[in-house]
Amino acid sequence: MKLILHIWRQKSRESPGKMARYEVSNVNEHMSFLEMLDVLNEELIARNEDPVAFDHDCREGICGSCGFMINGVAHGPQRGTTVCQLHMRHFKEGQALWLEPWRAKAFPVLKDLMVDRSAFDRIIAAGGYISVNTGGAPEANALPVDKQKADLAMDAAQCIGCGACVAACPNASAALFTSAKISHLAHMPQGQPERRRRALSMVARMQAELFGACTNHGECEAVCPKGIELENIARMNREFTKAAWARRDEVAGSGRRRLLPRSFP
Amino acid sequence: MKLDARIPSGPIEQKWDRAKFEMKLVNPANKRKYGVIVVGTGLAGASAAASLGELGYDVDAFCYQDSPRRAHSIAAQGGINAAKNYPNDGDSVFRLFYDTVKGGDFRSREANVYRLAQLSANIIDQCVAQGVPFAREYGGLLANRSFGGAQVSRTFYARGQTGQQLLLGAYQALERQVKDGRVRMFPRHEMLELVVIEGRARGIVTRDLVSGEIEGHAADAVILATGGYGNVFYLSTNAKGCNTTATWRAYKKGAAFANPCFTQIHPTCIPVSGEYQSKLTLMSESLRNDGRIWVPKQRGDTRPPHQISEDERDYYLERIYPAFGNLSPRDIASRAAKRVCDEGRGVGPGGRGVYLDFADVIRRLGRTTITERYGNLFEMYERITGEDPYAVPMRIFPAAHYTMGGLWVDYHLMSTLPGLFVLGEANFSDHGANRLGASALMQGLADGYFVISYTLGHFLAGGKAGDGVTADHPEFRSARRGVEDRLQRLLSLQGNRSVDSFHRELGHWMWEDCGMARNRQGLESALEKIRALREAYWKSVKVTGEEQAINQALEKAGRVADFLELGELICRDALEREESCGAHFREEYQTTEGEALRNDQKFAHVAAWEYAGENAPPIRNVEALEFEYVHLAQRSYK
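Order-wise, the sequence lines are chains A and B. When you read off a place in the first sequence, starting at 1, and then add 270, the result is the number in this note's numbering. When you read off a place in the second sequence, starting at 1, and then add 1135, the result is the number in this note's numbering.
These are calculated hints, taken from the structure and not from any lab test. Predicted model, so just to flag it, every value in this text is computed and none were measured. Among the hints, a few may not be true.
Restraint-style ranges between C-beta atoms, simulated for each label pair [as the list claims (entries may be wrong)]:
| id | chain 1 | residue 1 | chain 2 | residue 2 | range |
| --- | --- | --- | --- | --- | --- |
| 1 | B | 1168 | A | 408 | 29 to 39 Å |
| 2 | B | 1711 | A | 317 | 37 to 47 Å |
| 3 | A | 318 | B | 1454 | 50 to 60 Å |
| 4 | B | 1506 | A | 504 | 24 to 34 Å |
| 5 | B | 1222 | A | 464 | 26 to 36 Å |
Chain A regions said to be covered by chain B (calculated; three or more residues, Cβ under 8 Å) [said to hold, decoys possible]:
| id | segment |
| --- | --- |
| 6 | 329 to 336 |
| 7 | 346 to 355 |
| 8 | 389 to 399 |
| 9 | 408 to 416 |
In this text, a Cβ means the ideal position worked out from N, Cα and C, and glycines have one as well.
Could you build the full structure based on these sequences and the hints that come with them?
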């Protein structure tokens, strides 16, 4: 199989980028999309050209490193699949494909198809955890957890942090990512003590990182390789609203224990 | 080289308690004066960095990925063992200890393994408190399942994504320390050299993978948690970035490398489909709980599986190992698969595969139950192969997966270099010659959460904080220069072969001559081929791009250069160990039934290799292993 690839080439964060056209022949239907790019890169190296940079690591769809737009769709045409797990049998002879990096103000392009997603780490650092130090944890079975709640928590916790949701959203919102963590921990009894504080600080961080607001397009859910549901965003909004009321002194910045920056809405 | 394992005295069940009491402590107010470097943010590294930050140490953590959450621990599917005995089926700390020592074919250190079994229960408590969504029973208590090589159900799991959930727990704890300013995180930084000053590990040299800058980082102690070296086989279940560079640099600076030939070949991976293949995907071993493994009885039988009737099938694991059947340990299951394929009874393209069949269990329990248990694995299989495992049996074949070997460490997890600690898969670990399923996660977290916090304090309390060693020290300057020269050399070769083509060839020789079965002749020829390949590499490798920018080809080039050296040490170790044990199967040493034949008289020891310089053969040091509690016996799973 032969394919025509138009790939976004950009040397560095500062330099401008543009699309470049490549032809790849000898594409085998059992190859993964990234293996097809490996083949292209080997050819580029042989021609003394710079290979295409893209993030990837586990190639099993779980580390969340990989991801770019294929013909305008994050992770490409197959639902519930990262590009590393997308196989070439889904493409046709002679097909033209446009590959672009995630586009979002909060995800600056580093090179070619690589972007900087460190904003996600900072959202987690803002409160996406349960504050327990190592040691002294109670016996694991001391606190039973409703199976259904544990399952719902697991549904949300499956997020791999790839950033496809942001790339697909017309607002470049990180609502699906942030809400997945808020939901996971809100479902667990262990997450209750910090539940409100967590919702407030994670949402604040998300906004401070210049992600856009959610306007319910649902594009994020459609491209999420792990099937994280839109419902999580509704839950995040509920958690946030409840927390904002319960801790309105903190939100307004008038309380003594101020949690949020003054610029908070 | 003197190998002092520093095993505490006393009965085995009291050793760790005794050691904890006897270890020196660092005053809480002084902890912040000690700088600690943690390299790698998988289960071992992230849990160590978080725990040490919580205690108040000044921690710098490094990973080559763009975020600490992406380390390859994330891909572990099946579960984590713990001696909780919740199912009331006869488990205990002693049994987990016993199973691990026996499963490792008597090539691990009893005291370490016992401690691991003791700590296993604390790990589950800790992870539950962090909010890890483990599988639950309807009553709300934790669910357990059995896992390859064990006859009790002691495995805790979070669907098929246990590693992911445990890693996210550790990552979140780490990010909490980052926010509090106790840990500085350096993502997209790769360690390229260890800095040793006056015989002590005092820091590292890294390359910033975005700017290309070479930086020195000084500290009072260095912790390596950089995972295994399975990618020496090129095709493995490891992530593409997994490499040996950190451990190999430490070896060349004086840390002994132990049992490098103990490399685990995992029995249930998706077979290779072509030349372009970049990695192999594991199908969790938990599938063997319900799937039945078989091949046709007839050689060269190419009929589709549904046309092969029951009595024409050979359920070979059930036949040969009736007690453990499809749950036989990994080394045994892998070798059995190789044997039937070598007999010409393999299935799929090239005959390098066996069936893993779920038809029986789907009939018995229904499709819904199976979806609940393995849904995501079935989907993954279908995505990769285009075949529906609900309808046709999966095809699987063994692949390189885990490395039991690694840097030698004592009971304190310190290497032969003072101040250099090694955790998780990077050390030669507690798994002897073969690791049991669901034990890697346990070991990584035991090391990171519960061992290093004590032993590091003991080490630091023995010295003095703030002796003024900074990254401007002459040793750091020369280490940085060394790294820069090497990168420049790689870039200037401008040969005619890509890095990947060398890596592929190395992997091919390693797999053929030092894979599931090894023999003297093959190993000797591998040694020559690898040496020749390394020479060719430094003459004709082609690395494009520049140093002061993102350059993935250059990153790979450095890693492969180190693999080319490690490969030789692996073969040498395999050659010297004239016995078969666990994953190390020397064809010359087998029982009449084709099982591994150990030689306890000569080889009940750890081989710790010491670097002796560029042109000298490495020195093989020996740590004798004593078995006081688990008596040496031939492993039998029949």
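Supplied distance hint 37 to 47 Å, evaluated on CB atoms of residue 1711(B) and residue 317(A): holds (45 Å)
Just tell me: holds or violated, for the beta carbon distance of residue 1222(B) and residue 464(A) against 26 to 36 Å? holds (32 Å)
Quick one: see if chain B covers the segment 346 to 355 of chain A, three-plus residues with Cβ-Cβ under 8 Å. With 4 residues in contact (Cβ-Cβ under 8 Å with chain B), the coverage given for the segment 346 to 355 of chain A holds.
Report holds or violated for chain B covering the segment 329 to 336 of chain A, Cβ cut-off 8 Å, minimum 3 residues. holds (count 7)
Can you let me know if the beta-carbon spacing of residue 318(A) and residue 1454(B) is within 50 to 60 Å? Holds, since residue 318(A) and residue 1454(B) (Cβ atoms, about 57 Å apart) stay within the stated range.
Is the coverage entry for the segment 408 to 416 of chain A by chain B consistent with the three-residue Cβ rule at 8 Å? Since three or more residues must qualify, the claim that chain B covers the segment 408 to 416 of chain A holds, with 8 doing so at under 8 Å.
Could you say whether the range 29 to 39 Å given as a hint is met by the Cβ separation of residue 1168(B) and residue 408(A)? holds (33 Å)
Between the segment 389 to 399 of chain A and chain B, are there enough contacts, at least three residues with CB-CB distance under 8 Å, for the coverage claim to hold? With 7 residues closer than 8 Å to chain B, the segment 389 to 399 of chain A meets the three-residue bar; holds.
Does the Cβ pair residue 1506(B), residue 504(A) satisfy 24 to 34 Å? holds (26 Å)
Consistency with the previously given hints is maintained throughout, with no hint failing.
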